[in-house]
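Dock chains L, F and B against chain Z, hints included.
This is what each chain is made of:
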Amino acid sequence: MTEFFLMDGHGAYVWSAYGITLAVLILNVRLARAKHRSALQRARELAAQAEAPRKQPTVRRLQ
Amino acid sequence: MKLPRWFHQLGSPPYVYRLADRLCPWLGWLGVSLLVVGAYWGLVIAPPDYQQGESYRIIYIHPQTAYIGMMSYVVMAIAAGIGYVWRLKLAHAVAVSAAPIGAWFTFCALFTGAVWGRPTWGTYWQWGDPRIMFEALLLFLFLGYLALRGAFDERDKADRVTAILAVVGVVNIPIVHYSVEWWNSIHQGPTILRAGGPAMTNDMLAPFLIMVAAFTLTFYWLLLRRLQGEIVEREGDARWIRELVGAGTP
Amino acid sequence: MNVFRAVLLRDLRVAFRRWSELAHPLIFFVIVVTLFPLALSPTAAQLREVGVGVLWVATLLSSLLALDGLFRGDADDGSLEQLLLSPAPMTITVLAKVTAHALVTLVPLICLVPLSAYTFNIPVAALPTLAAALLLAAPTLSVLVALGAALTVSLRRGGSIVGLLVLPLTAPLLIFGTRATDLSVNGEPTAAPLLLLGALAALAVSLGPLAIAAAVKVGLE
Amino acid sequence: MTDRALLSGRDLAVWRGERCLFEELHFELGPAQLALLVGANGSGKTTLLRIVAGLGVPTAGSVTWKGASVTELTGEDRAEIAYRGHVEALKRELTVVENLEFHAAIWSREQAFEQVLEELKLEQVAHMRARYLSAGQRRRVALAMLMLQGAKVWLLDEPTTNLDSEGRALLVEWTRRHVAVGGIAVIATHQPDEFAMRGALMIDLS
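Residue numbers (the numbering used here), protein chains in the order written: chain Z, 1 to 63; chain L, 64 to 313; chain F, 314 to 534; chain B, 535 to 740.
Worth double-checking, as some hints may not be accurate.
To be verified - A partial selection of chain L residues facing chain B, derived with a Cβ cut-off under 10 Å:
1. 213
2. 218
3. 266
4. 300
Since the hints were derived computationally from the structure, they do not count as laboratory data.
Because the structure is a prediction, the values reported are computed rather than measured.
Glycine is no exception: its CB is placed at the ideal position from the N, C-alpha and C atoms.
For reference, chain Z alone in the conformation it holds in the complex (with noise of 0.2 Å):
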């Protein structure tokens, strides 16, 4: 088993390049679920503020 994990020398390089593309990998799912999730949260603290205040300004006509 243990000369699948030497790879004849080439173990080293094989090896870290495989372990940092998951590495990648699973950064980026996390990155992904946290940011989809920290986004609905604002969504909900928002949602649970009331409706912001009509902001339209008024337009009259001098007499």
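Chains L, F and B only, in chain Z's frame:
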């Protein structure tokens, strides 16, 4: 210019948000299973290369990550271009979502490329290999995009300024690519190694293609998840968000 | 056409009335060029080997120095807004400003380069090609630097990231420029890289102003 | 109807992040009409004025001049709208005359500005560099540029700041004359009554 109906539908955030919700499970599970199958096949079953030996197995991930990095930049530039021309907030959201993914995968391609270079050419940073130099320049372009985006506090302005940078970047990519290729051909002469390495026998091709498919599916899963986050952030307290959030989805 | 002339003359006049600022890129260039022999061994052969690359990198870096004045000055005193609101198309105005920047910073730099070539004992025969390559690269470099300036015009501390935005895009210039100079040093024909530099210049001058004008418009939104 | 010289804004809205400056703002200005834009600092007066000028982009809605969106105006239509912000668009290294000549070339107007300079009492400083002018004098040069452009629509952002009483009187009189001969003016100000006249539109953002 009258745009087709589906294009408008793609332009409406709630529609795309729900579409992403339906697609993501499929993309996710299919992608992961292909990754596992491809990795196992490439590491265990496929024969080592007669010339490079075991280190050749990196061919099942390095080209894929490089291709995803490149594709991310193109997706980013096209989305940014559409967002800029038609003022589609959603297109900008796609560009923003694609950028970090591209940056991470380009970094990964750079690392795996350098590690692969070690046993084959004897150095970590093989100046001779034009692809490594191109990956580095592509990574700088991504970092430039992300830095410029981070420098603006107003989202609308950040979208439109970085869109211009993305479009200029994508126009420059072929130029940078071929000038690096040209530069390499004069310094090192035709490399003994063909660009993609020695011709792949059939039993090497299968895992290679599986990994390409796996990475592509993963890319779209990541893109859609990030896009959903962007959409919710950008829609603020729109009505459909209130319903969505009110319903307390996870 | 008179808008092009008006903007060009105005920018040149403003630049020469603040002539002390013009010297900054030149001084920076000389410092970088003189520092390198200190860092490396002064043997003639090795210096020549490295010298060409150093000259080009120093030119790229020092052209970045002068970019703040390109748009930020006009943005702060409100004249950039008036240029945007003027009937003339913004691409013409931008082209005029880029030309002014090239004349004011890059041309003196190009005159300086052959002088500093002596410090790297680059053979005199190679100087004409070196100057030709720099002149051919100047439009592209100016457009890229102007684009960096336009993209960061509304940022207070924009200068720091312009290098990150622009330098990756100057890789082709560096490759073809140094190659042309190396070939001329060895006395070989230098047509190919010079033609490629010319092609880049044509692309930059035709498409560049469109992107720069768009960046300025968005920057002032 | 649209080709009549009409400056109109339809359901304009501006959001800064999650804060709303204003929304559902509609206005329409025909020839010989004046609009006064009032509101506390930070209420979005400058933002709205820049949107009307075609510099800024609203989060929603659009502003049209003679039927065309102000962001797409070119050539003479573009020159018909003049915008004067807080800063006077003067290059400090150029003299007053050089600045005026430059703007004349940009708007391709012949340079009859000697008469305007006299009215604004700027003839002594005409050949002085803008850097040495006082804030009030710079404001007057900006007024000279406004007259030089000869635009149909004046968009002025607090034009009376740094002006002495004599300068203000001149500005108010010129604005009245501009509107009387069929021009349009939108003025953001903290003292609306200075410019107020019958039939003027009052847009209050606060």
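Handout entry: Hint numbers not upheld by this structure, sorted from lowest to highest
Key = As far as the earlier hints go, 1 and 3 are violated by this structure, in ascending order.
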